[in-house]
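Student: Chains as they are written, first to last, in our numbering: chain A, 1 to 113; chain B, 1 to 117.
Rather than coming from a laboratory, the hints here were simulated on the basis of the structure. Model, not experiment: these values are computed from the prediction. The beta carbon of each residue, even a glycine, is placed where N, CA and C say it ideally should be. One or more hints might be untrue.
[What the hints assert, rightly or not] Not everything, but these chain A residues come out facing chain B in the computed CB check (under 10 angstroms):
id : residue
1  : Lys-15
2  : Pro-18
3  : Gln-102
4  : Gly-107
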Amino acid sequence: EAGVVQSPRYKIIEKKQPVAFWCNPISGHNTLYWYLQNLGQGPELLIRYENEEAVDDSQLPKDRFSAERLKGVDSTLKIQPAELGDSAVYLCASSRYPENIQYFGAGTRLSVL
Amino acid sequence: AQSVTQLGSHVSVSEGALVLLRCNYSSSVPPYLFWYVQYPNQGLQLLLKYTSAATLVKGINGFEAEFKKSETSFHLTKPSAHMSDAAEYFCAVSDGAGNGGYNKLIFGAGTRLAVHP
């Protein structure tokens with residue numbers, strides 16, 4: 001069984017540019033999470049989807065961040081425009097009921113110059 | 001609100017020595033508790049979880065953790081460290097689960113474990 005797949009693995013952009021990250025969850029996992037991990041810290045939830053519905057986006061900075069999961073499978077997280085402080089690792093995870101274990105992808109490391 | 005405190009951002013042990021990584025949590029409801037491991041340039045991998053069953057939880061790679069409600073702790077231990085255990089370890093708490101998965105995980109800041117010969 002393939003794990004959670006994220007792309008790209010690394011992204012370097014200049015500030016004010018847009019950037020997008022893609023996540024393909026484990027097959028059959030209806031819940032998808034996006035986390036932000038700053039250097040030296042634990043991950044922090046940005047948004048959680050159950051199927052195509054965002055059920056918790058309270059930590060998503062909506063002025064510049066957006067996310068979608070149109071068909072309830074893969075998901076895209078976008079930042080527009082990027083700021084220097086957005087440099088971090090963006091992790092995607094997925095889970096399914098009743099196991100409820102979150103499986104994480106390898107992440108996308110974003111560097112904003 | 002829930003929170004997790006991991007005591008010691010860096011822990012160093014000798015190969016073969018006991019590993020003890022400390023985690024204390026704060027939760028107003030019975031918590032679900034987790035330990036994850038992160039190897040360099042990789043995502044997080046679940047080591048073990050506590051979900052109100054047995055208080056001593058055994059996980060992968062010889063790790064185990066004990067839930068102590070009176071101490072609000074969930075420390076991670078391994079009797080004998082291997083070089084391959086060198087990684088970052090995260091303790092996390094959740095306040096419950098819905099039909100699709102646990103509610104958001106609140107992670108600690110992590111503890112980097114170094115194992116030297």
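Student: Can we keep the Gln-102 (chain A) interface hint, with Cβ of chain B closer than 10 angstroms?
Tutor: 7 angstroms, holds
Student: Quick check on Pro-18 (chain A) please, does its C-beta sit within 10 angstroms of some C-beta on chain B?
Tutor: At 24 angstroms from the nearest chain B Cβ, Pro-18 (chain A) fails the 10 angstroms test, so the hint is violated.
Student: With 10 angstroms as the cut and Cβ atoms as the points, is Lys-15 (chain A) at the interface with chain B?
Tutor: Status violated, d = 24 angstroms.
Student: Close enough to count: is the Cβ of Gly-107 (chain A) nearer than 10 angstroms to one in chain B?
Tutor: Where the cut-off is 10 angstroms and the nearest Cβ of chain B is about 6 angstroms from Gly-107 (chain A), the hint holds.
Violated hints for the displayed structure, listed by number in ascending order: 1, 2.
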